[in-house]
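One gets our numbering by counting positions in the sequence shown from 1 and adding 19 to each.
Errors might be hidden in some of the hints.
Now the in silico label distances, taken between C-beta atoms and shown as ranges [unchecked claim]:
| id | residue 1 | residue 2 | range |
| --- | --- | --- | --- |
| 1 | Lys285 | Asp96 | 25 to 31 Å |
| 2 | Lys198 | Gly62 | 44 to 50 Å |
| 3 | Lys253 | Lys80 | 42 to 48 Å |
Quick caveat, the hints were computed from the structure, so don't treat them as lab data.
Just so you know, even glycine gets a beta-carbon here, dropped at the ideal spot from N, CA and C.
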Amino acid sequence: MEGQVIENAVQETVQETVDKVNSNWDQIKAYFNGHMPDLISFGMKVVLSIVAFYVGTKLIKWLLKVAKRSMEKAGIDMGVAQFICSFGKFLLYLILIFNIATNFGVKESSVAALLGTAGVTIGLALQGGLENLSGGVMLLLFKPFQVGDYIIQDQAGGTEGTVYKVEMFYTTLITIDNKHVIIPNGKLSNSTIINVTAQNLRNLEIKVGISYDSDIKKAKKLLQHILQEDPGTKSDKDMLVFVDELADSAVVMGLRVWVPTDKYWKIKWRLNEKIKESFDANGISIPYPQMDVHVVETNKDK
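Could you put together the complete structure from these sequences and hints?
Printed below as a string of structure tokens:
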């Protein structure tokens, strides 16, 4: 008897569950049947938006590439071209998003108001970004450097490198050891910038110490000969060889010569090597810092 009661209870529970599932399923079918046109329309809009974003992205990249090539052919400065392309990319993506939003039935005035409000909010939150944008504009207007120039940001622990690209908010440098350094345009425009490669020629200065026992005139002649014989130095420019300082442990000889900017370091290293070899071969010693100590003996009997 008890088994029959349990079996009936289980059957009733199962039947109630099935009835609830059927009822919920009927409600779901009724909902989809009643809203199917709207769902299909929404799904089509989603698909079209994805396609529009994909095609728009490809089109933007193509337009930017064409614009960059056109500016290069027109002889526009590379930094200006990069800045315009960076700003154009931002603007084109904004237009693309605007069009996709209106495709969902959002009114253009509402989208414009939303973008305006968002712009003000973002602008207040990202004041540094606006400073960097204005800094980029200042760099393009006054042109303290161009893409390809080697610059030094003259600050404590200043950054230096070759200008790789100038964008809306940041300027990228490549260091000698091939590191990318990204500097905010606002910071860069407000700092002292040393443009190392702005001129075709640079004045190379080398100092070397010789011992006080060495012949100064002989050392000067050797240095002058090295400068005149080196293929990288400009013989039509002033070549100066002089005594720069009478230091504690050495007579410091100095030389100055004009060299091509792009060969500055190669010539400097080559001249240093030639100076050492020439001085060694001609008995001119290069001393190291030293101190003479005089010991005075006192008479202990006194």
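Checked hints:
no.	hint	result
1	Lys285 to Asp96: 25 to 31 Å	holds (28 Å)
2	Lys198 to Gly62: 44 to 50 Å	holds (48 Å)
3	Lys253 to Lys80: 42 to 48 Å	holds (46 Å)
The structure shown violates none of the earlier numbered hints.
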